[in-house]
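So the protein sequences, as listed, match chains A and B.
Heads up: the first sequence runs through residues 63 to 198, numbered per the numbering used here.
Heads up: the second sequence runs through residues 8 to 397, numbered per the numbering used here.
Simulated from the structure, these hints should not be mistaken for laboratory data.
Remember, it's a predicted structure, so these values are computed and weren't measured experimentally.
Glycine included, every Cβ here is placed at the ideal spot set by N, Cα and C.
It is possible that some hints are incorrect.
[Said to hold, decoys possible] Footprint (simulated), chain A over chain B, 3 or more residues, beta carbon under 8 Å:
hint: 1; segment: 237-246
hint: 2; segment: 277-289
hint: 3; segment: 310-319
hint: 4; segment: 326-337
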Amino acid sequence: MSMYSELVMRHFTDPSNVGVIEDADGVGKIGNPMCGDVMEMFIKVKDNRIEDVKFRTFGCGAAIATSSIATEMIKGKSLDEAVQLSNKAVAEALGGLPAQKMHCSNLAADAVRAAIEDYRSRQKEKNGGQGKTSNS
Amino acid sequence: MSERRVTYLDHAATTPVDPRVVEAMLPYFTERYGNASAIYTLGREARQALDQARAGVAEVLNCSPKEIVFTSCGTESDNLAIRGVAWMNRERGDHIITSSIEHHAVSHTCKQLEKRFGFNVTYVPVDEYGRVDPGDVEKATTDGTVLISIMYANNEVGAIEPISEIGEIARNHSIPFHTDAVQAAGSLSLDVQELNVDLLTLSSHKFYGPKGVGVLYVREGLELVPAQSGGGHENGLRSGTENVPYIVGLAKALTLVEERREEESQRLTALRDRLTDGVLSSIPHSRLMGHPSERLPNNANFVFEYVEGEGMLLSLDMQGIAASSGSACATGSAEPSHVLVAMGVPPSVAHGSVRMTLGRENTEEDVDRVLEVLPGLVERLRAMSPLYAG
C-alpha cells in the first residue's frame with residue numbers, strides 16, 4: 063500500500079519511454095538537482111507531429127510517473143496539441159496525485175513545453191531567423 | 008503474491024512495543040484504573056504503580072525519583088525543558104545555545120522563542136561527521152545565556168555528541184544544560200551524573216514502549232515555568248491526570264532495554280557493519296554519512312548519488328523493506344535534511360539519502376535481503392536519471 067494510486071505506481075515501476083534520443087529535434091531540461099527534481103525530455107518531430115519521445119528523470123515517485131505518462135500523452139500528437147498539455151491533465155491521467163505532489167505534474171508539463179520550445183527555436187535558427195514556423 | 012516478512016529498518020522512527028511491556032500495561036486499563044490522586048484503595052494502587060515506574064526510570068538515569076517528570080512524548084519534554092527554562096530566566100538573559108542538527112522539537116521551539124519572544128539563539132555548527140565541538144559551545148556563551156541544549160545522539164546519522172564535556176562547560180558557566188536523549192536510550196548510558204546534564208528527554212516509543220508517553224529529567228533545584236497548568240501533578244511541572252498504564256509501560260520498556268544494552272549494542276553494531284560494508288562495496292557512488300565507528304550501534308545512513316530518496320523508499324517498500332530518507336520529497340518538505348546540509352553535504356546529494364536503523368528483531372537474514380535487492384533498485388533508478396553518466 064502506498065500513498066500513490068495504482069496507476070502512479072505502475073508508471074513508477076514500469077515507466078514508458080525511458081531513455082535518450084541522440085539526434086533529438088528538441089530537448090527540454092527543467093528543474094535542478096538542488097531541489098531534488100530534474101527532468102529531461104527528448105522529442106523527434108516529423109510533419110509537426112511528435113514522432114518519438116523519451117525522458118530521463120531524477121526525482122521522486124511522482125516525478126517519474128508524471129514524466130512517463132506525459133510522454134505517452136504527447137506521442138503522436140501535433141505540436142500544437144502537445145504544447146497545451148496541462149499539469150491537471152497529467153495528474154488526472156494518473157488517477158490523481160497527493161496534494162503535496164501536484165507540483166511534479168507541473169514539472170512534467172513544463173518539460174514537454176521546454177522540449178517543444180527548443181524544437182521551435184532550433185527551427186527558427188534553421189530558417190535564418192525569419193520566423194517561418196509553419197502552423198505554429 | 009508470495010508471503011513476505013516485512014523487513015523493518017526504521018527503528019529510529021518508532022519501534023514495536025515489547026509484548027512484556029503490553030502485559031505490564033494491561034491491568035491498568037480495566038482493573039487498576041484508579042486516578043492516582045484518589046484516597047481509596049483503587050487510587051492508592053495506581054499511585055503505587057506510578058511510584059514504582061518513577062523509581063524504575065530514576066534507577067536507569069541514576070537520579071532521584073523526584074527528578075523524573077512524565078510527559079506525553081519526547082517533543083513535549085523538549086518543549087517543556089526549553090520554554091520552561093527560557094521563561095523562568097527571562098529577566099537574567101535572552102540567549103540560548105543549541106546545535107544545527109537538533110530534532111525539530113528542539114530547533115522549532117528555539118525558533119519560536121527567537122521570532123516571538125525576543126530570544127537570541129546561537130546554532131553551533133557541526134563537523135562533517137555531525138559532531139559538535141565543545142569549544143564552539145564555550146565560545147558562544149555569554150552572560151545572558153540561559154540555556155544550552157545539545158542532543159545526545161542524532162536521529163539521522165547517529166552522531167554521538169560529547170555531552171559530558173559540554174555539560175562541564177555549562178556547569179562552569181552556571182548555565183542549565185538540556186540534552187535530547189531520545190535516540191540514545193538502549194544504546195548509550197543515560198547516567199545523568201556522568202553526563203553532567205540538568206535536563207534530559209526520553210521518548211518511550213523509541214525503546215519498545217508505547218507511543219504517547221515520555222520523560223523529562225529535571226535536576227533538583229532547577230526551576231521551570233510549566234507549560235501545562237492544572238492540578239499540580241509532576242511537582243507542578245506538568246499537570247494532568249497521570250497516564251498510569253503508559254507510564255508503567257515506559258518504565259518497563261526502559262528497564263528492559265537497559266538490561267540488554269551492552270549485548271544488544273554489540274549485536275547491532277555487527278549487523279550494522281555487515282550492512283554498511285555490503286552496501287558500500289556493492290553499490291558504486293555510495294557513501295556512509297556520519298562517523299564510521301563513533302555512531303549509534305544501529306544507525307546506517309547512506310547517500311546514493313544520482314538518485315532520489317523517495318523513489319528508493321518506494322522501491323524498497325515494494326520489496327517489503329521499510330526505511331526512511333532525508334530527501335525533501337520523502338519528508339514532505341521543500342528542503343532536504345538540515346542535518347546533512349549542516350554536515351556539508353550538497354543538497355543535490357542529500358536528496359539521495361536512505362537511512363536504515365536496525366533493531367531487536369533484525370537478523371543477518373534481513374541485512375542480506377537488503378544487500379540482495381538494493382543494488383538492483385539503485386541501478387534501475389540511475390538508468391533513468393539525467394544526472395548519471397553511466
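Practice prompt. Three residues minimum, CB to CB under 8 Å: does the segment 310-319 of chain B make the cut for coverage by chain A? Let me know.
Written response: holds (count 6)
Discussion item. For the segment 326-337 of chain B, count the residues whose Cβ lies under 8 Å from any Cβ of chain A; is that count three or more?
Written reply: Contact hint for the segment 326-337 of chain B vs chain A: holds, 4 residues under 8 Å.
Fill in: Within 8 Å of chain A's CB atoms, at least three CB atoms from the segment 277-289 of chain B: coverage verdict
violated (count 0)
Fill in: Coverage assertion for the segment 237-246 of chain B with respect to chain A, Cβ distance below 8 Å, three residues required
With 0 residues close enough to chain A, the hint is violated.
In the structure shown, a violation is registered for the earlier hints numbered 1, 2, in ascending order.
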